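Below are the chains, spelled out letter by letter.
There are 2 protein chains.
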Amino acid sequence: MKAYKEMSREELLSLQEQLNKEYEDVKAKGLKLDMSRGKPAASQLDMEMDFMNVLNADSVLKTQDGVDCRNYGILEGIPEARRLMGDMLGVPAENVIVCGNASLTIMYDTIARSMMFGVMGSTPWCKLDKVKFLCPVPGYDRHFAITEQFGIEMINIPMTQTGPDMDLVEKLVSADESIKGIWCVPKYSNPQGITYSDETVKRFAALKPVAKDFRIFWDNAYVIHDLYEDRSDSLLEILSECEKAGNPDMVYEFCSTSKVTFPGSGIAAVASSVANLEFIKKTMTIQTIGYDKINQLRHVKYFKDVNGMKEHMKKHAAIMRPKFEAVLKVLDRELSGLGIGTWVKPNGGYFIAFDAKKGCAKEIIRLCKEAGVVMTDAGATYPYKNDPRDSNIRIAPTFPTPEELAVAADLFVLCVKLVSVNKLLEA
Amino acid sequence: MKAYKEMSREELLSLQEQLNKEYEDVKAKGLKLDMSRGKPAASQLDMEMDFMNVLNADSVLKTQDGVDCRNYGILEGIPEARRLMGDMLGVPAENVIVCGNASLTIMYDTIARSMMFGVMGSTPWCKLDKVKFLCPVPGYDRHFAITEQFGIEMINIPMTQTGPDMDLVEKLVSADESIKGIWCVPKYSNPQGITYSDETVKRFAALKPVAKDFRIFWDNAYVIHDLYEDRSDSLLEILSECEKAGNPDMVYEFCSTSKVTFPGSGIAAVASSVANLEFIKKTMTIQTIGYDKINQLRHVKYFKDVNGMKEHMKKHAAIMRPKFEAVLKVLDRELSGLGIGTWVKPNGGYFIAFDAKKGCAKEIIRLCKEAGVVMTDAGATYPYKNDPRDSNIRIAPTFPTPEELAVAADLFVLCVKLVSVNKLLEA
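So the protein sequences, as listed, match chains A and B.
Taking the working numbering, the leading residue of the first sequence gets 15, the next gets one more, and so forth.
Taking the working numbering, the leading residue of the second sequence gets 15, the next gets one more, and so forth.
Chain A on its own, in the form it takes in the complex (with noise of 0.2 angstroms):
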């Protein structure tokens, strides 16, 4: 492959012509596809039916404590959940509290309750002239909505291989009281897949920032969603590294089970110390008298325990890694040598990253979308939706059968060649 910058402008008109043309053959096809949302398949679902057959009307519905779990009570959720979760995370039960359906709601919950209330004794948030977050980037969209909602001022800090850059997390916690806090998807990051190494693990724990209510928000949605079972990453477990460093506190670590059952019918954990926990118990007695213990029962019948869940994590592995192989391959394939953009092969997680030349993600989706296939929108990795390169695309390759998503990545692969070609023809 000859690398497109090597190339002549004749060569290169050359190509776009035949790009164009293979463009508008593809184009009259009248795709519909979607390899935007990072859901699980329709075939994941069916595969753990036997979910709903867990509990049934001759069920005993009551917890280990002999508490029963059809009526009101246990704030904190049922101890077996708090067990499960907390084995999940590689955290004692005492330190997790079993919520609702999401993740994102305790996430969202927790911002809140620190704008309005403080955090543990801290001024609240929003009684300050100004709140920052870091934000690792390429990100999750929905963690930067929250904090933008509550004009939470947010600053990039690029991502490496081995997590965010620790050299500027450092420095800037250490010198600006009014940054709060940074978003972190440490295993399998969204959207690049990449897991956080050990020395960037240990240097969160020992942070010295300034602001004392400064707290690593460690959205740990993808803890046990490896796609491979001989080469899975390892994260080291943040709350002891914490504890070890002196900073107990420092640390609220979040995740659910929306994409090990089923997604909006899952459960959702906080886990952190237990000063942290009982601060939030303050506020969310007032908000709840206790969540779906029924449904924390069912989850946890139907793992029994943690390994139940990794077996079963296997299955989901099973189906989704020939379509992350797919997509992967194409990529291989069609873009190799020609130094029109990078990506990451991930181990696990729900997305794969691709950098496209700077100025070309935006149009690459554009034309994507134009010959039918939906791609998540330029810039939705970034904060304010701006990403200043114009460069990150983030692909889901979960939710299309596999046939569907060939189809889509050979389309993906046109549209990031003739996107290229035109901007090398512009410049």
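These are computed hints drawn from the structure, not numbers from a lab.
Check the hints yourself; a few may be wrong.
Pair by pair, the computed Cβ-Cβ distance ranges are [what the hints assert, rightly or not]:
1) A:Lys-76 with B:Lys-359: 31 to 39 angstroms
2) B:Leu-89 with A:Ser-28: 44 to 52 angstroms
3) A:Gly-87 with B:Lys-41: 26 to 34 angstroms
What the simulated footprint calls covered on chain B by chain A, stretch by stretch (three residues with Cβ under 8 angstroms from a Cβ of chain A suffice, anywhere in the stretch; the number is not a length) [unchecked claim]:
4) 84 to 95
5) 111 to 119
6) 310 to 322
7) 328 to 338
Calculated pairs, EDC-like style, for lysine to aspartate or glutamate (alpha carbon to alpha carbon, straight line, at most 16 angstroms) [what the hints assert, rightly or not]:
8) B:Lys-76 with A:Asp-60
9) A:Lys-383 with A:Glu-38
10) A:Lys-437 with A:Asp-391
11) A:Lys-76 with B:Asp-60
12) A:Lys-296 with B:Glu-162
Since we're looking at a predicted model, the values are computed, not measured.
Glycine is no exception: its CB is placed at the ideal position from the N, C-alpha and C atoms.
Using the hints provided, position chain B relative to the given structure of chain A.
Frame of chain A, contents of chain B only:
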């Protein structure tokens, strides 16, 4: 029966001695009973265990429009659940958002949203010097706990037999812009079981608050919670009344199936004007991708429609009615004519409210507790837990068995008598 205040000092002293003896006898029994909790009894929950069989591995978990309930999406709830909850309230489905497991959480989030983001363009309440809420008393402690947590000043509004004192409500809201809302339980009010009259509802709908962001928080918790088929109360539907009166956006209505199916595993909803719902969704869409659609579907399949719901409530009533009547019978038999307390006989809801002589409620509850019967704390039915007359006691007859209830009610009236005699002798 001779009224206590008609008795001579000697008669009272003799009565006191006798009551003290009776009290010591009961105390010696070492009872351990609870009349404090507005929870369904285990027998009610046993009766509806078929709810657990509605969905299973063979169910088609799709909405009427074919959307997969097992996956992400549908912020406002599945259409058939919106219709079901709308029918329960007597409002169109388009005026309903079906949420998670607790109307309490929707109410909390509604207050939190108003504090942080205002109401349809108004100044966020947290930016105002003063925010006040009207609180019909006695009322629901968890309402008052929400407004207290947000630092909202609460103003007591006396309840009458037809609802809150509307002269006072009208006067206050038309004079004070800092009054932003009122808490109402309009049907079978907590704790008195009073249903607002048609005139009261019409006067609510026709309010002319100076605050444009004033909202009525209409917690219709007991909308279908009748105890009797032949004498259930009826409540005017407030959304349409507000619209007729030119105040379409003035009310948020809340409801849930917490005491219809299983508390903690039910579904909850907010009903309001489309304009209010659109505003609510702007923050809701940041807080969640969607609520538990499978549980929404489970409710729809279980009840089929609102008639199924109402039939189901008759089974709850059949279990609850004898308990209410057992307590009322003891009150009637033991306290009628003594002039030491008044109570309302409700046609539905979960409570009986008892008003003791001024200054007696705390002591009655203390004595009950000392003899092994837990009642709701005195003062709990007032903002700041402060009943200025120390008179109101909330009796929750649903959770104990009928046998337990008979024993508990006997002790209760004994304590009422004893404390009243002591009070009279002090004077």
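Evaluation of the provided hints:
1. A:Lys-76 with B:Lys-359: 31 to 39 angstroms: 35 angstroms, holds
2. B:Leu-89 with A:Ser-28: 44 to 52 angstroms: 49 angstroms, holds
3. A:Gly-87 with B:Lys-41: 26 to 34 angstroms: 28 angstroms, holds
4. 84 to 95: Check passed, 4 qualifying residues.
5. 111 to 119: This one holds; 5 residues, not fewer than the three required, reach chain A with a Cβ under 8 angstroms.
6. 310 to 322: violated (count 0)
7. 328 to 338: It is violated: at least three residues are needed, and the segment 328 to 338 of chain B offers just 0 whose Cβ sits closer than 8 angstroms to chain A.
8. B:Lys-76 with A:Asp-60: 12 angstroms, holds
9. A:Lys-383 with A:Glu-38: 13 angstroms, holds
10. A:Lys-437 with A:Asp-391: With Cα atoms ~20 angstroms apart, Lys-437 (chain A) and Asp-391 (chain A) exceed 16 angstroms; violated.
11. A:Lys-76 with B:Asp-60: 12 angstroms, holds
12. A:Lys-296 with B:Glu-162: 13 angstroms, holds
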